[in-house]
Amino acid sequence: MNVIEINHLTKVYGKSRGISDVSFQVKEGEIFGFIGPNGAGKSTTIRLLLSLIYPTSGNATIFGKDVVKYASEIKKEIGYLPSEVFYYDNMKVKDLLKYSASFYKKDCTKRIKELAEIMELDLTKKIDDLSLGNKKKVGIVQGLLHEPKLIILDEPTSGLDPLMQQRFFDLLEKENQKGATILFSSHILSEVQRLCDRVAIIKEGKIVQVEKIRTLKENNYKKFKLETISELDFNYFKVDGVNQLKIVGKTVSFIFKGNINTITEKIANIEIANLWVEEPDLEEIFMHFYQREE
Amino acid sequence: MNMFLQELKAYQKPTIIWSISIVAIVILFMALFPAFSRDADEFMKVLEGFPEELTRAIGLTFETLTNVLGYFSYAFLYIKLCGAVQAMNLGLSIVSKETRNKTAEFLFTKPVTRTQVLTSKLLAAVTSLLFTNLLFLFSVIVTVEIVKTADYSRQGLWMIAASLFFLQLIFLGLGMFTAVFIPRVKSVISVSLGLVFAFFIVGMISSSTDDEGLRYLTPFNYVNDYYIIEHLNYEMQYIGIGLAIICLTVILSFVIYRKKDIHSV
Numbered sequence: 001m002n003v004i005e006i007n008h009l010t011k012v013y014g015k016s017r018g019i020s021d022v023s024f025q026v027k028e029g030e031i032f033g034f035i036g037p038n039g040a041g042k043s044t045t046i047r048l049l050l051s052l053i054y055p056t057s058g059n060a061t062i063f064g065k066d067v068v069k070y071a072s073e074i075k076k077e078i079g080y081l082p083s084e085v086f087y088y089d090n091m092k093v094k095d096l097l098k099y100s101a102s103f104y105k106k107d108c109t110k111r112i113k114e115l116a117e118i119m120e121l122d123l124t125k126k127i128d129d130l131s132l133g134n135k136k137k138v139g140i141v142q143g144l145l146h147e148p149k150l151i152i153l154d155e156p157t158s159g160l161d162p163l164m165q166q167r168f169f170d171l172l173e174k175e176n177q178k179g180a181t182i183l184f185s186s187h188i189l190s191e192v193q194r195l196c197d198r199v200a201i202i203k204e205g206k207i208v209q210v211e212k213i214r215t216l217k218e219n220n221y222k223k224f225k226l227e228t229i230s231e232l233d234f235n236y237f238k239v240d241g242v243n244q245l246k247i248v249g250k251t252v253s254f255i256f257k258g259n260i261n262t263i264t265e266k267i268a269n270i271e272i273a274n275l276w277v278e279e280p281d282l283e284e285i286f287m288h289f290y291q292r293e294e
Numbered sequence: 001m002n003m004f005l006q007e008l009k010a011y012q013k014p015t016i017i018w019s020i021s022i023v024a025i026v027i028l029f030m031a032l033f034p035a036f037s038r039d040a041d042e043f044m045k046v047l048e049g050f051p052e053e054l055t056r057a058i059g060l061t062f063e064t065l066t067n068v069l070g071y072f073s074y075a076f077l078y079i080k081l082c083g084a085v086q087a088m089n090l091g092l093s094i095v096s097k098e099t100r101n102k103t104a105e106f107l108f109t110k111p112v113t114r115t116q117v118l119t120s121k122l123l124a125a126v127t128s129l130l131f132t133n134l135l136f137l138f139s140v141i142v143t144v145e146i147v148k149t150a151d152y153s154r155q156g157l158w159m160i161a162a163s164l165f166f167l168q169l170i171f172l173g174l175g176m177f178t179a180v181f182i183p184r185v186k187s188v189i190s191v192s193l194g195l196v197f198a199f200f201i202v203g204m205i206s207s208s209t210d211d212e213g214l215r216y217l218t219p220f221n222y223v224n225d226y227y228i229i230e231h232l233n234y235e236m237q238y239i240g241i242g243l244a245i246i247c248l249t250v251i252l253s254f255v256i257y258r259k260k261d262i263h264s265v
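The listed protein sequences derive, respectively, from chains A and B. Last residue of the first sequence: number 294 in the numbering used here, and the count goes up by one each step with no gaps. Last residue of the second sequence: number 265 in the numbering used here, and the count goes up by one each step with no gaps.
What the hints contain is simulated information worked out from the structure, not anything from laboratory work. Hints should not be assumed to be uniformly reliable.
What the hints assert, rightly or not - Derived CB-CB ranges, DEER-like:
no.	chain 1	residue 1	chain 2	residue 2	range
1	A	SER158	B	ASN101	29 to 37 angstroms
2	B	LEU243	A	THR56	35 to 43 angstroms
3	B	ILE241	A	GLU120	39 to 47 angstroms
4	A	GLU28	B	ALA198	54 to 62 angstroms
5	A	LYS69	B	MET236	42 to 50 angstroms
6	A	LYS69	B	THR127	28 to 36 angstroms
7	B	GLY213	A	LYS65	48 to 56 angstroms
8	B	ASP39	A	LYS125	35 to 43 angstroms
Remember, it's a predicted structure, so these values are computed and weren't measured experimentally. Ideal Cβ positions, reconstructed from N, Cα and C, are used throughout, including at glycine.
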């Protein structure tokens, strides 16, 4: 079953920003990465899902219900963490969380305590006095306290130190194991790579690709680096499938996608001093998507 | 209910400050009445030297000024100004606060509809205004009773003083309506002072020229205190217009608020 279904969603603001014809599905129980550079349309898409803004055309459903028509009903089961958290300044953390919990028809006191303990959040402080990282923690607790079935995270890790980030990811994985679906938007690839099952890549308001993380990495992308005995003609490795070719002195590096034999043949024909073949990380593959379209 | 209480709490402080200020104006003005009525004759002579347009514009009418009711209605002009600013502030705030303080993403991602949000806010604002009006009415009745030199029409006093709430509801509506149109209200007080003073000045011009057409344009003149003193009645066509403005601005605000995009920071 699809928890989120986005069909040809388009939002035009003025002339420049917005998204056009975005479609993808998020299945129940998966951690779905939504990735792209700043300003590509990640937040716009999420804000459309939460009906903070309304689509120009196209539609989206969550739990099979239209996000505009059934907005308030759907939100009972959504936990949302915005990229920048702002709360009523003159409230204490405890009061804010209580206020947040009062919107859901269940008792969340135990859960608040539990989450605050995991995230090491002091409930008695005033929100005004909190650092950015601590405000973010309030956001995390606030987003998870009602045990939502769908968790939507918009660049959630900014401001968290590595230890807290780790705890937060563990928390998300636990929620996921309990059955929660997670939509995780980020421009930091390593965290998406670590957490997500599938990923949608967005660029300038359009979806470039939706792939399983594994496929994306295994899709015969290999990172080659070799040292040659003598200097090489630059065009020697310029064959189909070679990307990001760099030659610095006697060191050659590139990313290759395709039949691996074409490259091993090429390498066999020259004298080399050393050779590394590695799995490229997502970032390098990602750069490949971006560069190809330029 | 949770949103209503939260909103009520958010406006608690300003409401108390506005209420105290309005009560202070009442006490200040009414405390001067005994001295004023003692020297009324001399004061009148000074006033007669003023151009008639000016005295009318600032709400002075000789025939009634020596009476406590007439004197009160003179003071009431400035209380109305205060009350209008308070109501306009509230109207602007309830619509624009979440976007200005960037808490929109908190509130609007909760399982509530925009109509529920705005209804709670509107009810909290009206409750705050009711609180102010109760204090105001109480202070008026007490001070007038203390300083009166002769009998006056109680009904007239009630009718004048109660019109503050009516005026405030109009400005509450106008404030909401203004805020749904301005994408980002940076400073509530500057917008509200600007608009309220514009209406106030139109009101002064309308009073001084007795221009009936102009009178329709400013809520400040929908209730004419001197008309009440003479006839013990409101002028119904103006009350009708006021009610229409309240309904129209509130309904339109709701319609637009529901369809509006909530933009990010």
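Hint check:
1. Checked against the hint of 29 to 37 angstroms, the pair SER158 (chain A) and ASN101 (chain B) fails, with Cβ atoms roughly 20 angstroms apart.
2. Between LEU243 (chain B) and THR56 (chain A), the C-beta spacing of about 38 angstroms keeps the proposed range 35 to 43 angstroms intact.
3. Take ILE241 (chain B) and GLU120 (chain A): their Cβ atoms lie about 60 angstroms apart, and the range 39 to 47 angstroms is violated.
4. For GLU28 (chain A) and ALA198 (chain B), the hinted distance range of 54 to 62 angstroms is satisfied, since their beta carbons lie about 57 angstroms from each other.
5. Distance hint check: the CB atoms of LYS69 (chain A) and MET236 (chain B) are about 43 angstroms apart, consistent with the given range 42 to 50 angstroms.
6. Taking the beta carbon of each, LYS69 (chain A) and THR127 (chain B) are about 32 angstroms apart, inside 28 to 36 angstroms as hinted.
7. In this structure, GLY213 (chain B) and LYS65 (chain A) meet the distance hint of 48 to 56 angstroms, their C-beta atoms being roughly 53 angstroms apart.
8. At roughly 60 angstroms, the beta carbons of ASP39 (chain B) and LYS125 (chain A) sit outside the given window of 35 to 43 angstroms.
The structure does not agree with the numbered hints 1, 3, 8 stated previously, though it agrees with the rest.
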